[in-house]
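Visitor: Given next are the chains, with one letter for each unit.
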Amino acid sequence: MKEELIISGRMNPKIDPELAIWHWEIPFYLFVGGLAAGILFFASFYYLRGKENEMPNTIKWAPILAPILLVAGLGALFLDLNHKLYFWQLYTIIKLQSPMSWGAWTLLVITPLSMLWCFSYLGELFPKWNWKSQMLSKLENYVIKKRRIIAWVMVFFSVILGIYTGILLSAFNARPLWNTSILGPLFLTSGLSAGAAFILLISKNKYEKQLFRKIDLIIIAVELFFIIHMFMGFLASTQVQIEAAQLFLGGDFTLPFWVFVVFLGMIVPALLEYLEMKGQKIPSYIPAVLVIFGSLMLRFIIVNAGQVSRYLY
Amino acid sequence: MRTSRRNFIKISSIGVGGAAVAGAAVNWTSGQIINEVIPKSFQYKKTSTYCEVCFWKCAGWVTTNENGEVWKVEGHQDDPHCHGRLCPRGTGGVGMYYDEDRLKTPLIRRTKNGKQVYEEASWEDAFAYIANKLELIKEKYGPECVALFTHGSGGKFLGQFLKAYGSNNITAPSFAQCRGPREVAFLSTFGELVLSPERTDIRDTKCLVLIGSHIGENMHNGQVQEMSQAIDNGATIITVDPRFSTAASKSKHWLPIKPATDLALLLAWINVIINEGWFDKEYVEKYCFGFEELKAHVQQYTPEWAYGITTIEPQVIRDTAKEMAKASPAVIIHPGRHVTWYGDDTQRLRAVAILNALLGSWGRRGGFYNPEKVSLPEFPHPPFPKPEKTWKDSFPDQFNLAYEVLSSGICEASIPSPERDCSFKGWIVNGTNLIQTLPNQQQTLDAIQNLELLVVIDTMPMEITGYADVVLPECTYLERYDAIRNSPHREPYLALRMPATQPKYNSKPDWWIAKKLAEKMGLGAYFGWKNIEEMLDWQLKKVGSSLKEMQKLGVKKMNREYDDLYFAKGEEIEFNTNTGKIELFSTELQAEGFDPMPKYTPHPEPQEGFYRLNYGRAPMHTFSRTSNNPNLHALMPENALWVNPKVARQWGLKNGQEIWLKNQDGKVSDFPIKVRITERIRWDSVYMVHGFGHKEQRLSRANGKGASDTQMITNVMMDPIMGGTGMRGNFVTFLIEKPEKEEVTL
Amino acid sequence: MRYAMAIDTRKCVGCSDCVVACQIENKVPEGFCRDWVVEATSGTYPKLELEIRSERCNQCGNAPCVRCCPTGSSHYAEGGIVLVDPDKCIGCGACIASCPYDARYVHPEGYVDKCTFCIQRVRKGQQPACVEVCPTKCMYFGDLDDPNSEVAIKLKERKHKTLIPEAGTDPHLYFLI
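Chains as they are written, first to last, in my numbering: chain R, 1 to 313; chain D, 1001 to 1746; chain V, 2001 to 2177.
No wet-lab data here; the hints were simulated from the structure.
It cannot be assumed that every hint is accurate.
Across the chosen pairs, the derived CB separations fall in these ranges [what the hints assert, rightly or not]: (1) R:20 to V:2161: 25 to 31 Å; (2) D:1739 to R:88: 55 to 61 Å; (3) V:2087 to R:156: 33 to 39 Å; (4) R:242 to V:2110: 32 to 38 Å; (5) R:156 to V:2108: 39 to 45 Å; (6) V:2085 to R:256: 46 to 52 Å; (7) V:2168 to D:1697: 50 to 56 Å; (8) D:1313 to R:235: 41 to 47 Å.
DSBU-like, lysine-lysine: derived pairs with alpha carbons at most 30 Å apart [as the list claims (entries may be wrong)]: (9) V:2047 to R:14; (10) D:1326 to V:2124; (11) D:1695 to D:1104; (12) R:2 to V:2137; (13) D:1045 to V:2047; (14) D:1156 to D:1552.
Quick reminder that beta carbons are idealized off the backbone N, C-alpha and C, glycines included.
Bound conformation, chain R alone (with noise of 0.2 Å):
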């Protein structure tokens, strides 16, 4: 037997019996962030690819979305700081080893990014609409004029976005359950995902949605792989890994893993929208929400699950 304690009662809040420093804020905003990222990734792919006329939902509808995520993930990192009044302090420095930094820095770039996207179809999408000011006029069409240059800036940081919110995580090789490279393109594929499921939600384009159930299906199963992969990684890894795998092969996690994020969150709504796409008559929003709530589920479960797998005691 081995019995390995702490004899001089420490109990730290947010640290012991197990830590627990990071509770809704970090995953609602790896989440939105994620979801943010695939909107806008769609938004500013198929934007250069000249399909702004055949996918208007991809490319102007959903992306206003986007920026009241990414205020909301803002929002919730804020609340998430244990020091607020000193948070300007982000902002200050740019260190590329730390992923915190890279997140405040590529969020303040793809929020006003976002912001201007939207802003730029505003007038297309309400033709009542009216700035009442020469100035924002002029913006406006100076904003329109730069969509392209837009687009490739946003299609770059959209992937930044994604990564990150996955290596935010994986940076930590103190959490076993983290320490894997696969978090990253897990992440951005289940933000993708997301992303994916918003379209489907809100378009009444056939064209678009049969693209958008393709593309889901696709990215449900490298996502699955990715799944599997980890797994596979885990258990070919050190013990401490291993461990952090049986938080999820039997351990606490297990039931909520499986069923939420892989069944409901993937494989339920992959079979539905096959159906769909075979003709079958399923009303769309049902996969679509489902792949939404499993992106959530998946952050939530990965950072809390990361949080309770350690090296010692």
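Based on these hints, arrange chains D and V on the given structure of chain R.
Guide: Chains D and V alone, transformed into the frame defined by chain R:
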């Protein structure tokens, strides 16, 4: 339901007594005295003290910050008790001062509307109450029927008061509940005591043998430090303990003995050492009496015989005996400290003493040295009145070898019985929580019910204060002067305790309490000094120092009067025994009608489903007195019950699960205790740290945390030789469900 | 200059004096601690081994907390001591999540706090409070780059280990075994 004279009073029922408190701070008459030595500006000032968190009394410096607030206590570099390093309790001693649960003002028990409550009182009123009651007791029964229980430095002044009043019954539970058997055993063997700090020369030993002694968990500072030095020096440590103690983990040989069979192992060791001729022949021949008798006596106790009893293999017994012999005379079979276990403790400690004698370690480097202390004269006072009776009159023909007063004896004799002449009527209790200290709580509570006066002087609202007629708040050691520390060591050292700050609340030092009470009763002549500084200065000047010098030095090394730390080679020595020799065969015990040489007798074993209750110490706590200290509570807020994994499996116990204990007499623990499943304990016993499970709600941190071992100790195995209370014959079983609450009215 | 600490597990009795001394010296708020003591038992009765370790921030040479701190609040000070600058700390918790030793905590005032090897004492030529108070003298502190320092000598003489070396943090808290 029994109606009782003395209900346990909780804080919630304390009535406010009116003006007493308001005027208190101003009333504090001796404040000026202390103020003189506290300069106006505190620039991280250091003042001298010695620690009062345990009996080791390490000297140190108190640092106060610019506001005069106590910041920290650090050990005194020159002090042999601590060498500049206090233990966690000493370091955390500041918590005693800051504990907001402290007793704040004198309290007097009154009955209001048929309900007993404590009323806040002025010191004047409290003294008047006590003086009046003491006079009544003196008239009705004689002053000898008042006893003082004390554990701590203040006892000196309260003792002076009691003797002036006319009673000699001054007792500390440290004798009959703790180290008494070893002192009596060593006294009857070597004619001298082990003393405190123990005269063990661990620093220079080559082999240290611990019989159930858990040095490191008992944080007797100097001893722990010396054991660490011994480890560095490559000394062999042999630990005999059914539990894998910290000390066991540092040992070359750990002998996981079956509980309650230590004496069999000791006798087998004696057998091997004699029969193999491994004893110090010259030493034994020169200094010892009764070797041939001993040799004949131990022939029956072979290692093979002991194996069946102790479960320690004969080869291991021989190997460890050889280790001791190899190290001889630099070997210590440690006498231990808390040794009141099975009722034959004096005999077990006799075996320890004999083993030391055979190996020639008494009086030798690396064995036992001869300590010396300063002879500090007493401040002149009139002769004490001669008491007509002592506690011993309550126990005719019993415990003649108990050279200290038995706390448990006083307690027992406080319960009236037809055979007893002096039944005690008044107790003054200072710094010892008798409820958690004396075994057999019921007896303690019964005794208290029969008292006419119970005065408790303490810093904290310990359980015993709830039964008092008068509670007097003592200030902590950081806020007061006390008697000079003058304890025996390799070199004599004096240490001064002086106040680092003013007493908080309306608390006072014991010297002041004793002096004021004496004055109130017309006994002021026994405290002939104006203030304590005058007394200390007088004493110190008699030995070539002064209060001023001690305030500067804190600790002063004095010179030994005799150069006899160890025996000189071939030195002729007259031991203070009947035969003038080290008595392997004790003529004293024989004369008293006891076995002159230790014999093994088996002790009761637990029934199916019960486990022997072993208890001990944690380095972060002193008895039950520190469990509410904020700093120490943070380190260890509660105790846990150590359970072997096999037992845990049988019971389906989980780590951290809360269970209740029930002992062989059906006594159920007040509070649950968390299970700690560990391989470090044998399957036939359980282990818990002593001093938890406080019922007193005024101890806001400690209340209800962990369980009390004392509560489970209802079976006391009395040592017939010296009245020690053997406490390790208690067996507990587990209650998984919360037991039905019994209505307890005491 | 490279400060390090070595702890002799053969001598440590787990008394936790280091913990309380640290709390008092550094005015660590009630309910928190910068150092702690671990008891590790292995084996089956009666073949048992016990290792007692006084643990704290490992003052890593390759500190993940410094790396992942977004504001540069966590930084290396003299002798490789890792410090937190409370005025730069935003309390994001990244360093806490990044520390494999769980040596950091959020101070009630919002910034992150941890063991500093008592840098305020070390600068005055004193030993860290935990080292100075240890009754068993089982802790050694000093400059690894100075071959005559107690810690350098002990590490040369004795077998030793660090905790979680596989995390690649280059810890400077050594355990003599």
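Visitor: Does each hint fit the structure? Answer for all of them.
Guide: How the hints compare with the structure:
1. In this structure the hint that residue 20 of chain R and residue 2161 of chain V lie 25 to 31 Å apart at CB holds, the actual value being about 29 Å.
2. At roughly 59 Å, the beta-carbon separation of residue 1739 of chain D and residue 88 of chain R lies within the given 55 to 61 Å, and the hint holds.
3. In this structure the supplied range 33 to 39 Å holds for residue 2087 of chain V paired with residue 156 of chain R, their Cβ-Cβ distance being about 34 Å.
4. Against the hinted window of 32 to 38 Å, the Cβ-Cβ separation of residue 242 of chain R and residue 2110 of chain V comes to about 37 Å, which satisfies the hint.
5. For the hinted restraint 39 to 45 Å between residue 156 of chain R and residue 2108 of chain V, the CB-CB distance of approximately 42 Å keeps it satisfied.
6. Between residue 2085 of chain V and residue 256 of chain R the Cβ separation comes to about 39 Å, which falls outside the hinted range of 46 to 52 Å.
7. At about 52 Å, the beta-carbon gap between residue 2168 of chain V and residue 1697 of chain D stays in the expected band of 50 to 56 Å.
8. One distance hint, 41 to 47 Å for the beta-carbon pair residue 1313 of chain D and residue 235 of chain R, holds here, with the actual separation near 45 Å.
9. Straight-line distance between C-alpha atoms of residue 2047 of chain V and residue 14 of chain R comes to about 37 Å, which puts the hinted pair past the 30 Å bound.
10. Annotation: proposed proximity of residue 1326 of chain D to residue 2124 of chain V is violated, straight-line Cα distance about 47 Å (limit 30 Å).
11. With a C-alpha separation of about 20 Å, the suggested pair residue 1695 of chain D and residue 1104 of chain D falls inside the 30 Å cut-off, and the hint holds.
12. Note on residue 2 of chain R and residue 2137 of chain V: the hinted pairing holds, with a Cα-Cα distance of about 27 Å set against a maximum of 30 Å.
13. For the given pair, residue 1045 of chain D sits about 51 Å from residue 2047 of chain V by alpha-carbon distance, which is inconsistent with the 30 Å threshold.
14. For the suggested pair residue 1156 of chain D and residue 1552 of chain D, the alpha carbons sit about 24 Å apart, so the restraint of at most 30 Å is met.
Checked against the numbered hints given earlier, this structure breaks hints 6, 9, 10 and 13; the rest are met.
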